[in-house]
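Construct all of the structure, not just a fragment, from the sequences and the given hints.
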Amino acid sequence: MNKKMSQQAKMLKEIMSYEFTAVDLNLYLDTHPCDMKALAEYNCVTHQLDILKRAYEQCYGPLAAFGSTPSQFPWMWIDEPWPWEVEF
Amino acid sequence: MFNPRKEIDFMEPTGACFPQARLSEAWTPYQMIGMIFDPPIGLFHGTIFPELVRPYMPNPNAPEWY
Numbered sequence: 013m014n015k016k017m018s019q020q021a022k023m024l025k026e027i028m029s030y031e032f033t034a035v036d037l038n039l040y041l042d043t044h045p046c047d048m049k050a051l052a053e054y055n056c057v058t059h060q061l062d063i064l065k066r067a068y069e070q071c072y073g074p075l076a077a078f079g080s081t082p083s084q085f086p087w088m089w090i091d092e093p094w095p096w097e098v099e100f
Numbered sequence: 005m006f007n008p009r010k011e012i013d014f015m016e017p018t019g020a021c022f023p024q025a026r027l028s029e030a031w032t033p034y035q036m037i038g039m040i041f042d043p044p045i046g047l048f049h050g051t052i053f054p055e056l057v058r059p060y061m062p063n064p065n066a067p068e069w070y
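Protein chains in written order, with my numbering: chain A, 13 to 100; chain B, 5 to 70.
Accuracy of the hints is not assured; some may be wrong.
[Said to hold, decoys possible] Derived coverage of chain A by chain B (criterion: at least 3 residues anywhere in the stretch with Cβ under 8 angstroms from a Cβ of chain B; other residues may be distant):
| no. | stretch |
| --- | --- |
| 1 | 23 to 29 |
| 2 | 34 to 46 |
| 3 | 49 to 60 |
[Unchecked claim] Here are the simulated SDA-like pairs of lysine to any residue, each with C-alpha atoms no more than 20 angstroms apart in a straight line:
| no. | chain 1 | residue 1 | chain 2 | residue 2 |
| --- | --- | --- | --- | --- |
| 4 | A | 22 | B | 48 |
| 5 | A | 25 | B | 50 |
| 6 | A | 49 | B | 39 |
| 7 | A | 25 | B | 51 |
| 8 | A | 22 | A | 99 |
| 9 | A | 25 | A | 71 |
| 10 | A | 49 | B | 55 |
| 11 | A | 22 | B | 49 |
| 12 | A | 25 | B | 60 |
| 13 | A | 22 | B | 44 |
| 14 | A | 22 | B | 45 |
These are calculated hints, taken from the structure and not from any lab test.
Using N, Cα and C, we set each Cβ at its ideal position, and we do this for glycine too.
What follows is the structure in structure tokens.
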């Protein structure tokens, strides 16, 4: 694995960890909708996740096929590796 | 005359094999948020809540199944 791939994998793993935290807070908030601390944590994590995704997509292309980010020309989604092909 | 208690007794389902068995009642404490793990630590543990970290430990005495 070259250095570029290693950095890509690191960024992807960080995104995964923030997505996981957002999901866990989502589940908590489903049963605790008035918990202000949890809501603040959720909003903070979601904001950070958005920053991480934008940074990743700027370097390595889109994380999803459609709907999440605009594509440069030519259509970037078909550039390999796809997110699930990155080795950790 | 309508007897609510009798009505409830009548409506309560009973077990087929154990006619005297009653429905179970579950109780769980309400979770209060405290400290949460940083995202990489939470991903590692499978939860962001320290109080919910209960790693699966296989029983060394259990028979192996293939």
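- request: Quickly compare the C-alpha distance for residue 25/A and residue 50/B to 20 angstroms and report which way the hint goes.
  value: Holds. Residue 25/A to residue 50/B sits at ~14 angstroms (cutoff 20 angstroms).
message: What's the verdict on residue 22/A and residue 45/B, does the C-alpha distance respect the 20 angstroms limit or exceed it?
response: 14 angstroms, holds
task: Could you grab the alpha-carbon distance between residue 22/A and residue 48/B and see if it respects the 20 angstroms cut-off?
output: 14 angstroms, holds
- prompt: Do the alpha carbons of residue 22/A and residue 49/B lie within 20 angstroms of each other, as the hint requires?
  reply: 18 angstroms, holds
task: Take the C-alpha atoms of residue 25/A and residue 51/B, compute the straight-line distance between them, and say whether it is at most 20 angstroms.
output: 16 angstroms, holds
task: Report holds or violated for chain B covering the stretch 34 to 46 of chain A, Cβ cut-off 8 angstroms, minimum 3 residues.
output: This one holds; 5 residues, not fewer than the three required, reach chain B with a Cβ under 8 angstroms.
query: Taking only the CA atoms, is the gap from residue 49/A to residue 55/B under or equal to 20 angstroms?
result: 17 angstroms, holds
field: Straight-line alpha-carbon gap residue 49/A to residue 39/B, limit 20 angstroms
entry: Distance of about 10 angstroms is within 20 angstroms: holds.
task: With a C-beta cutoff of 8 angstroms, work out whether three or more residues of the stretch 49 to 60 of chain A approach chain B closely enough for the coverage to hold.
output: holds (count 4)
- prompt: Given the proposed pairing of residue 25/A with residue 71/A, does the C-alpha separation stay at or below 20 angstroms?
  reply: 15 angstroms, holds
- prompt: Okay, the stretch 23 to 29 of chain A and chain B, do three or more residues pass the C-beta test at under 8 angstroms?
  reply: holds (count 4)
query: Between residue 22/A and residue 99/A, is the straight-line Cα distance small enough, at 20 angstroms or below?
result: Answer holds: residue 22/A to residue 99/A is near 10 angstroms, not above 20 angstroms.
Hint compliance for this structure: hint 12 is the single one not met.
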